[in-house]
Amino acid sequence: MRKLIVSEFVTLDGVMQAPGGKDEDTDGGFEHGGWTLPYWHDDIGKTFFELMQGCDAFLLGRRTYVTHAEAFEPMPAGDFFGDMMNAPKKYVVSATLQQPIWRDTTIIRDNVIESVRALKEQPGGNILTDGSSQLVHALLEHGLVDELHLLVYPITLGSGKRVLPDGVHATFELKSATPYPTGVVGLHYALRR
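For my numbering, count along the sequence shown from 1 and bump the result up by 3.
Hints were generated in silico from the structure; no laboratory data involved. No residue lacks a Cβ here, since even glycine has one placed at the ideal position from N, Cα and C. All clues given are correct.
Mimicking DSBU-like on lysine-lysine, the simulated pairs with C-alpha atoms at most 35 Å apart in a straight line are:
id: 1; residue 1: LYS164; residue 2: LYS123
id: 2; residue 1: LYS178; residue 2: LYS6
id: 3; residue 1: LYS178; residue 2: LYS164
id: 4; residue 1: LYS123; residue 2: LYS92
id: 5; residue 1: LYS49; residue 2: LYS6
id: 6; residue 1: LYS49; residue 2: LYS92
id: 7; residue 1: LYS123; residue 2: LYS6
id: 8; residue 1: LYS49; residue 2: LYS178
id: 9; residue 1: LYS164; residue 2: LYS49
id: 10; residue 1: LYS92; residue 2: LYS6
id: 11; residue 1: LYS6; residue 2: LYS164
id: 12; residue 1: LYS178; residue 2: LYS123
What follows is a set of in silico ranges between Cβ atoms, one per label pair, in the way DEER data are often shown:
id: 13; residue 1: LYS6; residue 2: GLY186; range: 27 to 35 Å
id: 14; residue 1: ILE104; residue 2: ASP169; range: 28 to 36 Å
id: 15; residue 1: THR159; residue 2: GLN137; range: 18 to 26 Å
id: 16; residue 1: GLU117; residue 2: PRO168; range: 17 to 25 Å
id: 17; residue 1: LEU160; residue 2: PRO103; range: 26 to 34 Å
id: 18; residue 1: ALA98; residue 2: HIS44; range: 32 to 40 Å
id: 19; residue 1: ALA80; residue 2: ASP45; range: 22 to 30 Å
id: 20; residue 1: GLN56; residue 2: ARG106; range: 15 to 23 Å
id: 21; residue 1: SER118; residue 2: ARG196; range: 20 to 28 Å
id: 22; residue 1: GLY128; residue 2: TRP43; range: 23 to 31 Å
Please work from the sequences and hints to get the whole structure.
Structure follows, in structure tokens:
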């Protein structure tokens, strides 16, 4: 069975967001975008590259998918990061996306949980989910997440989208903890079954 891995940038108080700019995601009046930028270190990028080596598919919510597609689809062949992000098959969960805007995409419109279970049963490498807070919550609620790769930043924001949903009880086993020079700590957890 394929592993489903959730990879997130997260604050000490559990707020998640991609490493974009201030206006990347302003849902609910969120005004703290861009908080990851001052803490970047090249070793964080190396760790992500290592994670991607075992992944051959992305599973994303619509908003994260669109953000990724707009960033990576236009990149020319030969761009190291673009090639890495464009290569995997993409699965996007959306009831509103009319057609794919990123190469090699399948839209999942109905029976999301059953579709993800079936996807995990197919042969292939790991499936990576990042961002996609609503999707991540549903995956956790249905016990479909096998691993968490969390980059924990030494900051609290007090509000914003949370990685972990309320009401979900799960036990994870720590596989590794990697401190970075900027104060970020990479935590790799596997679900204890």
